[in-house]
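Assemble chain B onto chain A, guided by the hints.
There are 2 protein chains.
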Amino acid sequence: MGKNILLTIAYDGSAFHGWQKQPDEFTVQGHLERVMTGLFKREILLNGTSRTDAGVHALDQKASFVSDVNIPTDRLARVINNALCGGEKGSFAKAPVRILDAREMPEDFHARFSCKGKKYIYKIKDESDELSMVFDRNYVYHVRERLDTEAMKTAAALLKGTHDFKSFEASGGNPRTTTVRTIFDADITGKDGEMELHISGDGFLYNMVRIITGTLIEIGQGKRSPQEMEKIIAAADRQAAGFTAPPYGLYLAEVYY
Amino acid sequence: MGKNILLTIAYDGSAFHGWQKQPDEFTVQGHLERVMTGLFKREILLNGTSRTDAGVHALDQKASFVSDVNIPTDRLARVINNALCGGEKGSFAKAPVRILDAREMPEDFHARFSCKGKKYIYKIKDESDELSMVFDRNYVYHVRERLDTEAMKTAAALLKGTHDFKSFEASGGNPRTTTVRTIFDADITGKDGEMELHISGDGFLYNMVRIITGTLIEIGQGKRSPQEMEKIIAAADRQAAGFTAPPYGLYLAEVYY
Chain A
129 MGKNILLTIA
139 YDGSAFHGWQ
149 KQPDEFTVQG
159 HLERVMTGLF
169 KREILLNGTS
179 RTDAGVHALD
189 QKASFVSDVN
199 IPTDRLARVI
209 NNALCGGEKG
219 SFAKAPVRIL
229 DAREMPEDFH
239 ARFSCKGKKY
249 IYKIKDESDE
259 LSMVFDRNYV
269 YHVRERLDTE
279 AMKTAAALLK
289 GTHDFKSFEA
299 SGGNPRTTTV
309 RTIFDADITG
319 KDGEMELHIS
329 GDGFLYNMVR
339 IITGTLIEIG
349 QGKRSPQEME
359 KIIAAADRQA
369 AGFTAPPYGL
379 YLAEVYY
Chain B
129 MGKNILLTIA
139 YDGSAFHGWQ
149 KQPDEFTVQG
159 HLERVMTGLF
169 KREILLNGTS
179 RTDAGVHALD
189 QKASFVSDVN
199 IPTDRLARVI
209 NNALCGGEKG
219 SFAKAPVRIL
229 DAREMPEDFH
239 ARFSCKGKKY
249 IYKIKDESDE
259 LSMVFDRNYV
269 YHVRERLDTE
279 AMKTAAALLK
289 GTHDFKSFEA
299 SGGNPRTTTV
309 RTIFDADITG
319 KDGEMELHIS
329 GDGFLYNMVR
339 IITGTLIEIG
349 QGKRSPQEME
359 KIIAAADRQA
369 AGFTAPPYGL
379 YLAEVYY
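Here the protein sequences come in this chain order: A and B.
The opening residue of the first sequence carries number 129 in the numbering used here; numbering runs sequentially from there.
The opening residue of the second sequence carries number 129 in the numbering used here; numbering runs sequentially from there.
Careful: at least some of the hints might be erroneous.
Which copy is meant is left open, because identical chains are indistinguishable; a pair holds if it fits in one copy or across any two.
Quick list of in silico lysine-lysine cross-link-like pairs, DSSO-like style, CA-CA up to 27 angstroms [unchecked claim]:
{"hint": "1", "residue 1": "LYS288", "residue 2": "LYS149"}
{"hint": "2", "residue 1": "LYS251", "residue 2": "LYS319"}
{"hint": "3", "residue 1": "LYS319", "residue 2": "LYS222"}
{"hint": "4", "residue 1": "LYS319", "residue 2": "LYS131"}
{"hint": "5", "residue 1": "LYS359", "residue 2": "LYS294"}
{"hint": "6", "residue 1": "LYS281", "residue 2": "LYS149"}
{"hint": "7", "residue 1": "LYS294", "residue 2": "LYS169"}
Because the hints were derived from the structure by calculation, they are not lab data.
Just so you know, these numbers come straight off a predicted model, no measurement behind them.
Same shape as in the complex, but just chain A:
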């Protein structure tokens, strides 16, 4: 019986076709498993916490694997990172995914089922800055008009608590037994044309953060009032909510155990 190792992983989603392994696509899971299997000379299978979509970034993805590798756990991150950089060392390292931490967990720990909640960040810029549109285009969602951040804050606060979030679920996700979720916190922060939605909860439906973001942007644009958020939740109907904001502004920011 090998050790149950939990990895903390950061990646630039613009370089990958999402987390989940797929036959002919460059995915984070597929890439990590291939590199680690080559490095450790035995098949490595990763059990990831969150199946981030293509273009979505991670500051704190988690994935576990069973390891009988003869390397001390506190050196694992460095060893894998060197392999991810193609063996190049030190200053020349350049890779779109890196291991931030590796630690041994109890035998019954499961990266997905033991997860108590997650936090996401969605980054928005509402200034028409051409240079930023060139260099941040994969990392921030650019909105041309000024958004009313106070209205967005008010609406975000209405998401807190336990609700049926069916209005914010896209079709195409995994089957769910319930669409009720608890949002621990939801807030808009930022200044000078840059803002971030910070939202944490015990779980999220398919595309839920992106649909919430799209709805908040429509509120910021004045197309909807902040108070409408309550009606949108009560409708339990995807048609009631706003558009789905694009993946590239979204970051998986924290996984709670």
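Just chain B now, kept in the frame of chain A:
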């Protein structure tokens, strides 16, 4: 006889195989000419100021073309930008190259030969920040150890003035009649592990800024003294200088006319 139009162009070099048009490579010039030719329904040929290498960014590239296009010059940038975004408008625009400005110039103006000088910026981080290594990997050169920025400032100042910069010329560039150039200014700015080399001059040899950066980094690492910069210049020998810093930290920042 058409108008002589000068474009100011910004691009993310990580998306392109350099400026110059090449058969089978996605280049800035090739992409712009293709999109503009399709948009204006006539062949557009761009005359660019600087042939930036693959991975090198531009905040202020210039390129001219002869235009008999029936669109007011002050609307050209917007029209081309919409076409560069595949016709998508407003919030959804996402492209690695954008036109910042378009203006009519005198008939005898030439984007390259009328150029009086250029400014480059080279971005370096010397903090071991894994998240930044993931998300800034195409935009900043990461050095693992702390650099002595004061030593680098002292050495950079020795570059100012008119010198033979043969030590800082890579092979493979265009034939030169002389390797003497005048550096107007060279300085290191920044704080908290982020620094920038700002260097301006009347012209630069092939890979000159990247070799100067590599040499300054070796000085910052304490492998060379700042005063050695004078000897390196005097040697007029590529072997005397430091390594060639990678392209992705380099930005064409300004073109002087």
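Problem - Hints breached by this structure - result: 1, 4, 6 and 7
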